[in-house]
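Take a look at the letters that make up each chain.
There are 4 protein chains.
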Amino acid sequence: MSEPKRLRVGMVGYAFMGAAHSHAWRTAPRFFDLPVVPELTAVAGRNPDGVRAAATKYGWDSVETDWRRLIERDDIDLIDICTPGNTHAEIAIAALEAGKHVLCEKPLANSVEEAEKMTAVAQAAAERGVLSMCGFSYRRTPALALAKRMVEEGRLGDIRHVRAQYLQDWLSDADAPLTWRLDKSKSGSGSLGDIGAHSIDAAQWITGSTITGVSALLETFVKERPVGGDFVGLGGRGGSDAPKGPVTVDDAALFTARFAGKHDDGAAAGTDSGAVAGPIGIFEATRFALGRKNAMRLELNGTKGSLAFDFEDMNSLQFYDSALEPDAGFRKIIVTEPSHPYTGNWWPTGHGLGYEHGFTHQVVDLVNAIGAGEQPSPSFADALQVQKVLAAVEASAGNASRWQNV
Amino acid sequence: MSEPKRLRVGMVGYAFMGAAHSHAWRTAPRFFDLPVVPELTAVAGRNPDGVRAAATKYGWDSVETDWRRLIERDDIDLIDICTPGNTHAEIAIAALEAGKHVLCEKPLANSVEEAEKMTAVAQAAAERGVLSMCGFSYRRTPALALAKRMVEEGRLGDIRHVRAQYLQDWLSDADAPLTWRLDKSKSGSGSLGDIGAHSIDAAQWITGSTITGVSALLETFVKERPVGGDFVGLGGRGGSDAPKGPVTVDDAALFTARFAGKHDDGAAAGTDSGAVAGPIGIFEATRFALGRKNAMRLELNGTKGSLAFDFEDMNSLQFYDSALEPDAGFRKIIVTEPSHPYTGNWWPTGHGLGYEHGFTHQVVDLVNAIGAGEQPSPSFADALQVQKVLAAVEASAGNASRWQNV
Amino acid sequence: MSEPKRLRVGMVGYAFMGAAHSHAWRTAPRFFDLPVVPELTAVAGRNPDGVRAAATKYGWDSVETDWRRLIERDDIDLIDICTPGNTHAEIAIAALEAGKHVLCEKPLANSVEEAEKMTAVAQAAAERGVLSMCGFSYRRTPALALAKRMVEEGRLGDIRHVRAQYLQDWLSDADAPLTWRLDKSKSGSGSLGDIGAHSIDAAQWITGSTITGVSALLETFVKERPVGGDFVGLGGRGGSDAPKGPVTVDDAALFTARFAGKHDDGAAAGTDSGAVAGPIGIFEATRFALGRKNAMRLELNGTKGSLAFDFEDMNSLQFYDSALEPDAGFRKIIVTEPSHPYTGNWWPTGHGLGYEHGFTHQVVDLVNAIGAGEQPSPSFADALQVQKVLAAVEASAGNASRWQNV
Amino acid sequence: MSEPKRLRVGMVGYAFMGAAHSHAWRTAPRFFDLPVVPELTAVAGRNPDGVRAAATKYGWDSVETDWRRLIERDDIDLIDICTPGNTHAEIAIAALEAGKHVLCEKPLANSVEEAEKMTAVAQAAAERGVLSMCGFSYRRTPALALAKRMVEEGRLGDIRHVRAQYLQDWLSDADAPLTWRLDKSKSGSGSLGDIGAHSIDAAQWITGSTITGVSALLETFVKERPVGGDFVGLGGRGGSDAPKGPVTVDDAALFTARFAGKHDDGAAAGTDSGAVAGPIGIFEATRFALGRKNAMRLELNGTKGSLAFDFEDMNSLQFYDSALEPDAGFRKIIVTEPSHPYTGNWWPTGHGLGYEHGFTHQVVDLVNAIGAGEQPSPSFADALQVQKVLAAVEASAGNASRWQNV
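Protein chains in written order, with the UniProt record's numbering: chain F, 1 to 406; chain B, 1 to 406; chain E, 1 to 406; chain X, 1 to 406.
Read the hints as simulated data drawn from the structure, not as lab findings.
One or more hints might be untrue.
Pairs count within a copy or across copies, as identical chains cannot be separated in the list.
[Stated by the list, open to error] Below, simulated DSBU-like cross-link-like pairs (lysine-lysine); rule was C-alpha separation at most 35 Å, straight line:
no., residue 1, residue 2
1, Lys-304, Lys-117
2, Lys-388, Lys-223
3, Lys-304, Lys-184
4, Lys-184, Lys-5
5, Lys-148, Lys-223
6, Lys-304, Lys-244
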C-alpha cells in the first residue's frame with residue numbers, strides 16, 4: 001500500500017478562526033475518507049510567543065513569525081488565511097502567485113476593488129491548477145446544505161420570499177470595548193460584513209440566484225467605546241471610565257433586495273421579459289438584539305413550499321410542503337440522518353453536531369476538490385459577488401436608501 | 001335597583017368582521033363589569049335577505065338595508081363600521097355628525113386625505129362628547145397589551161430594534177380568485193393595509209413612538225387572477241379557466257423605518273440633539289409565505305431587554321431580561337395570569353384565549369371609555385398616523401425606495 | 001317560516017364550570033347551525049343572592065335555589081350539572097327519571113358504584129329518548145378531535161405507546177388554601193380525578209381502546225393546608241398562620257397501563273391470541289409542576305406515525321408520518337383549517353381558538369345528538385369506564401403498586 | 001520547560017463508541033489545559049484487519065488483537081473499554097489489578113453481581129492510586145452539568161418530581177435486524193440498560209439522591225427479527241424474508257420510582273421521620289417512538305423552580321424560577337456562555353456544541369482527576385447503584401409490577 005498523498009497546510013493567524021480551522025484540519029480525515037491527507041505543517045503569527053503557544057495548543061508542527069516566509073517554504077501546499085479582512089488580499093495574492101492553494105476566511109476582502117484583484121488572480125491560478133476557496137463555512141452546516149439540496153430538487157418551486165436575519169447581542173452593552181471589529185480600517189464594516197455577509201452568501205447559494213439590487217439603512221447605536229479594555233472572546237467589557245474611541249462601523253444593517261430571475265430552462269435571467277421573476281428579500285444583521293446569541297436565520301417561501309432555519313437550533317430544518325394535505329404544517333427535520341449532507345459520517349440519528357463541524361466539512365469539501373482538481377465552492381468569484389452586495393448596501397445607505405444596483 | 005344604562009349599537013356590514021364584532025358586543029358584558037350594557041339593536045346591509053339572515057344568526061334585533069337609515073334612527077347610540085375601507089369616511093363622518101359614537105374597522109380609510117377629514121370631524125365631535133375609535137383589535141391581544149405595559153414600565157430600557165413580520169399564505173395559490181381585497185379602489189392597498197397596518201399600529205403603540213420615515217419595496221407576484229370565482233372565507237379558488245382580471249394591490253410590502261426619539265423626560269423628540277435616538281425598524285407583510293397562517297410577529301430589542309411575540313402562539317410572550325444572570329434566556333410567559341391584561345376575567349391560568357377575544361376586549365375598552373366620557377384608544381388621530389405611514393411606504397416604493405418622511 | 005325548536009336548559013351550579021357552560025349555550029347557535037336552539041331558561045344554586053347575580057351576569061332567564069325545583073319545572077328540557085362530583089349521582093338520576101336530558105360535568109361521580117347506578121339509569125332513560133352525556137370537554141378541542149380522526153383513518157397504524165401528562169402548578173405553594181378540591185368527600189380524588197381523568201378519557205377515546213390494567217403510585221406532598229383562606233380562582237393563598245386542616249386527596253398520580261388490543265378486523269380484543277396487542281401507556285397528573293400552567297399533553301406512537309399535543313399550545317397538533325421520507329420530522333399542524341373539526345365555523349386559518357371553545361363544541365355535539373335522537377358521546381358508560389380506571393389506580397397505589405385489572 | 005506528563009491510552013473496541021472515544025482523547029488537550037497529555041497508544045480488537053483500519057482511521061499508534069496483551073504492555077497507563085457489556089467485568093478487573101486506570105463504557109456490567117465485583121476491585125485499586133470511571137457521558141453535556149450546578153445552588157428548592165423520558169425510534173421497523181443489542185446475553189437488557197440507564201444516572205446525579213424503589217412494566221413489541229441482516233449504524237434493515245431469531249430484551253421500559261429524602265442539613269436520608277421526603281419519579285425508555293430520534297428528556301419540579309432538558313435541543317436548558325414575578329415563564333438558557341460548564345473553552349456564545357463534546361469533556365474530567373489523584377465521577381460505585389436500579393426494574397416487571405426496593 002503506497003503512502004497516501006499529503007496536503008501540507010500553512011495557517012496565518014491563530015485567534016478564534018485559527019482554533020476552528022486547526023480543529024477542522026485535524027479532524028476531517030478521522031471521519032471522512034479524503035483523497036489527500038492534510039498535515040498541520042506550520043502556523044504563522046507576528047508574536048513569537050503567541051504563535052509558539054498556539055502551535056503547541058493546536059498541534060502545528062512548526063511556526064513562522066512572517067506569513068511571507070510561510071509562502072516561501074517548499075513544504076507548504078496550501079495557505080489558510082485566518083486574519084482580519086484588511087490583510088486578505090495581499091496574503092492570498094502572494095500565495096496564489098507562489099502556487100499555493102488558498103483557503104481565505106470571509107469576507108474575502110474589505111473592498112470590491114481588492115476582491116476583484118483577488119478573483120482575477122485566483123482565476124488565473126486555477127488555470128495552472130492552483131485552487132482557492134472562501135470560507136463561508138455556514139454553507140457546510142448540514143441543515144443549510146440540505147436546504148440547498150431541497151431547493152435544487154424543486155421542493156420549493158419558484159422562490160418568492162427570502163427572509164434573512166443574523167441577530168447577536170454581544171455589543172449591546174455600551175461599555176463593551178473598542179476592538180478591531182469596530183475599526184473600519186481593519187474590518188471593512190460592522191455587522192454587515194461580519195455576520196450579514198454570511199446571510200448574503202447563504203441566501204444566494206441556496207436560492208441559486210444573485211442579488212441584483214438593494215435599498216439599505218445602516219445604524220451605529222453606540223458611537224464611542226472604551227479603548228484598551230480587556231477583550232475576552234467576542235465580548236468583554238472595558239470599564240466606563242476608560243478613554244473612548246470612535247466606532248467607525250455599522251452596528252446594524254437593514255436592507256431589502258431583489259434577486260435575479262430565471263428562464264424557463266432554469267438559467268439565471270437578467271431583466272428579460274418571459275423569465276420568471278426572482279425572489280424579493282429582506283435582510284437584517286445586528287449585534288444588539290439582546291437575548292439572541294447566534295440567531296442566523298433564513299426563511300424561503302416558494303410556490304410549492306417553504307424552508308426555515310435558525311442557527312440557534314442548528315441541527316434542524318423546518319420544511320413546509322404544500323404537496324401534502326392543505327393543513328401540512330412546518331415539519332422539523334432533525335438533520336442527522338445518514339441521507340443528509342455530511343451527517344452520515346458522524347453519529348447515529350438524533351445525535352447533533354456543533355458549530356465547528358461546519359469548518360470540518362469545509363475542509364472535507366476543499367480537500368476533495370483539490371484531490372479532483374476541481375474548483376472548490378465558494379470560489380473567490382462567489383465571494384466577490386457578496387462583496388459587491390456589501391458595497392451596494394453601503395452605497396444605498398449613504399444615499400437616502402435609494403435603490404442601488406449591485 | 002335602577003335599570004343599567006344601555007349602549008344601543010347599529011352595525012354596518014356583516015361579513016367576517018361583522019361576525020367577530022357581533023360576538024364581542026354579545027360577550028363583553030358576560031365576562032366584564034361594564035358601566036353601560038351594549039345592545040345589538042340593528043344591523044345594516046344592502047342585501048335584504050343577507051342582512052336578515054345575519055341578524056338572526058348573530059342576534060341583532062332589527063335590520064336596515066341602507067346604513068343612512070341606521071344613522072337616522074333615534075334608538076342607536078353607536079355605529080360600528082365593518083365594511084371595506086372605501087366606505088369608512090362617508091359613514092363615519094355622517095354618524096359622528098349625527099351624534100353617534102363610532103367604532104370603525106381598520107384601516108381607518110383608503111387615503112390620508114379621507115383619514116384627515118375623518119380625524120377632524122372626530123375631534124370636533126369629541127368636544128360634544130361623541131367618541132370614536134379605530135378597530136386595531138390586535139392591541140387587545142393580552143400578550144401585546146402586556147408587552148405595552150412592560151415597555152412602559154421600562155423593562156426594555158431604550159428600544160433599539162423593532163422587527164415586525166405579518167406572514168400569511170392564503171394568496172399563494174395563483175388561482176385564488178380576484179376579491180375586493182385585491183382591488184385597490186375598494187381596499188386601498190394589499191398586504192400593506194390589510195395586515196401591515198396591524199404591525200405598524202402595534203409597533204407604534206407598544207414603543208410609544210411614531211414612525212418618522214421609511215424606505216420601501218412593494219411587489220405583486222401574481223398580476224392577474226380569475227374573476228367571479230367562488231369565494232370562501234379569505235381563500236377559495238377560481239378555477240384556472242375562468243376569465244382573469246388585474247390585481248391592483250401589492251402582494252407583499254417590505255420596508256425599513258426610523259421611529260421618533262425621545263427627550264430625557266420621556267417626551268417624544270423630533271431630530272433635536274440631546275434626545276435619545278429612536279428605534280430603527282424593519283417590516284414585512286405578505287400573503288405569500290407558504291405555511292405561515294397568521295404569523296403576526298413583533299420583536300423589540302432594547303438596552304435592558306427584549307420581547308418577542310407571534311400570533312400563531314398568541315397566548316404567550318417571550319421576554320429576555322438582561323437584569324438576570326448573564327445567561328438569562330428568553331422566557332416564555334404564558335399570558336393567562338390574573339395579573340395580566342384582560343385575562344383575569346376569563347379562565348384559570350394556562351387556559352388560553354383565542355382570536356375573537358381581542359374584539360371582546362376592544363368592546364370592553366370602548367364601552368369603559370364611553371362610560372367615563374374619555375377618548376378611547378386608538379383614536380382616529382392614531383389611525384391617521386398609521387395611514388400616513390402606509391402612504392409614505394407607497395411613495396417610497398414608487399420612488400426607487402428613496403427615504404420618505406412620514 | 002316556522003318557529004325553530006327550542007332546548008330549554010336548566011343549569012345547576014354557577015362557579016368556574018357554570019361560567020364556561022353558560023358561554024357555550026349562548027354562543028353555540030351563533031356559529032353553528034343547530035337543529036334546536038338552546039335557551040338559558042334557569043340556573044339553580046343554594047345562595048339566593050349568588051344565584052341571582054350569576055343569572056344576571058351569565059344571562060339566565062330565571063333562578064331556583066333548589067335543584068329539585070329545576071327538575072320539577074315543565075319548561076326545562078335539559079339539566080346541566082356543574083356542581084362538585086359528590087352531588088352528580090343524585091341530580092343526574094333525578095333528572096333522567098324526570099325525563100330531562102342531562103349534561104353532567106366530569107368526573108361522572110366520586111365512586112364506581114355511583115357511576116354504575118347513573119349509567120344504568122341513563123341506559124334505561126335512553127330507551128325512552130332521554131339522552132345523557134358526560135362533559136369531558138377536552139375531546140372537543142379541535143386538535144384532539146383531529147387526532148381522533150387521524151387515528152381512525154389509520155395514519156398512525158397500530159399504536160404502541162401512549163404517553164400522557166397533565167401538569168399544573170397551582171398547588172405548588174404549601175400555603176395555598178384547603179379547598180373542596182382537596183377534600184376527598186367532595187372531590188373523590190385529587191389530581192387523579194380532576195385532571196388525570198381528562199387524560200384517561202382522551203387516551204381511551206383517541207386510541208379507540210380501553211385501559212385493561214394499571215400499576216400506580218399516588219403522593220400527597222403537602223399534608224396540611226390553611227383552612228378558610230381566601231380562594232381566588234383555582235389558587236389563592238391562606239396565610240401561613242391560619243389554622244390547618246388535612247389534605248385528603250392525592251397531589252400527584254403516576255401510573256403505567258395496558259390497553260385492550262384488537263382483532264384483525266379492528267374489533268377490540270381481550271386477551272385472545274391472534275389479536276394485535278394493545279398499546280402500553282404511562283400517565284402522570286400533578287398540580288405541583290412549577291411553571292406548567294395547563295400542560296395537558298398526549299403523545300401516541302404507532303407503527304406508521306406519531307401524534308403529540310400540548311394544551312399550552314392548544315391550536316396545534318404535531319404529526320410524524322413515516323410514510324414520508326425517512327427524515328420526516330414532526331410537522332406542526334395549525335389546527336384552524338376549514339377541513340379541521342369545528343374550526344371551519346369560526347375564523348380564517350391561523351386565527352386560534354381558546355379554552356372555552358371546547359365547551360361550545362360540546363354543546364354543539366350534544367344538541368346535534370338530541371336533534372337526531374342519537375346517543376351523545378361520551379356517554380355515561382364511557383365515563384363509567386374512566387371511573388373504573390380511577391378506582392384501579394387507587395387500588396394499585398394502595399397495594400404496593402401491584403398490577404390491578406380494571 | 002520540562003516535557004509534559006503523558007497518559008498513554010489503550011482502547012478496547014472500536015465501533016460507534018470507539019470512534020467517539022478516539023475523538024475525545026485526540027481533542028481534549030486542544031481545547032482544555034490538562035495536567036497530563038493523553039496519547040492514543042494502542043487499540044485492541046479481535047479482527048486484525050478491522051483493528052488496523054480503525055487505528056489508521058482514528059489515529060492510534062499501534063494495535064493488538066487480544067485485549068489481554070494491551071493490559072500486559074508497560075507503555076499503557078489507562079484502559080478504555082468500549083466493548084459490549086458482557087465483557088466489561090473481565091477486562092476492567094484485569095486492568096485495575098494490573099495497575100491501569102480504567103474508563104469503562106456504560107452500563108458498567110450486565111448484572112449486579114458483576115458490577116459489585118468490579119466496584120470492590122475498583123475501590124481496592126483506588127487505595128493504590130489506580131483510578132476508574134464509568135462512561136455516563138451525558139453528565140458532561142453542558143446543559144445537564146448546568147442543571148446539576150443549579151440544583152446544588154438550591155435554585156429548585158426541594159425537588160418533588162423527576163420526569164425522565166428517553167425516546168428513540170430506530171427499532172420501530174419490525175424488519176430491523178437482530179443485533180447484539182437485542183441479545184440479552186450480550187447487552188444485558190434492551191432500552192432499559194442501553195438508554196434508560198442514562199436517564200437513571202442523570203436523574204440520580206442531578207438530584208443528588210438515589211432511587212430507593214421502583215414499580216415497572218417492560219414490553220417487547222417485536223418478538224422476532226431477521227438474522228444476519230445488513231447492520232448500518234444503529235438501524236439498518238434485514239429484509240422480510242430473512243430467517244428470524246428471538247428478541248430477548250425489552251423494547252420499552254416504563255417505571256415509577258421514589259428517591260431518597262434528605263435531612264435538614266442536606267444529608268441523604270433513609271426513611272427517618274423528620275427528613276424532607278425525596279422526589280417521586282416517572283421513567284420511560286423506548287426505541288419505538290416514531291419521530292423521536294434521541295429525545296433524552298429530563299424535567300425536575302422543585303419547591304422553588306423547575307428545569308427541563310431535551311437532548312434533541314441539547315444546547316439549551318429550560319428554567320422556571322418562581323422567585324421571579326408570578327408569571328415567570330420557562331426561560332430557555334442557551335448553554336454556551338463562558339460561565340457555563342465546559343463551554344468557555346469552545347466557541348463564542350450561541351455557537352452550539354454537539355454530541356461528541358460530552359465524550360471530550362468526559363476525558364477532560366477524567367484526566368484532571370487522574371492528575372490530581374482524586375476519584376473521578378461517576379465511580380464504579382455510582383454505576384453499581386444504576387445497575388441495582390436496572391435489576392429492581394426487571395424484578396418488579398417480572399412480579400406484576402409490585403414495588404421493588406433497590
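Evaluation of the provided hints:
1. Lys-304 - Lys-117: Neither. Shortest intra-copy (40 Å) and inter-copy (44 Å) distances fail the 35 Å Cα cut-off.
2. Lys-388 - Lys-223: Classified as both; 26 Å inside a copy, 31 Å across copies.
3. Lys-304 - Lys-184: Between copies only: 27 Å across, 42 Å inside.
4. Lys-184 - Lys-5: Neither: 42 Å inside a copy, 45 Å across copies.
5. Lys-148 - Lys-223: The answer is between: 29 Å across copies meets 35 Å, while 39 Å in one copy does not.
6. Lys-304 - Lys-244: So Lys-304 and Lys-244 pass the 35 Å test across copies only (22 Å; inside, 53 Å).
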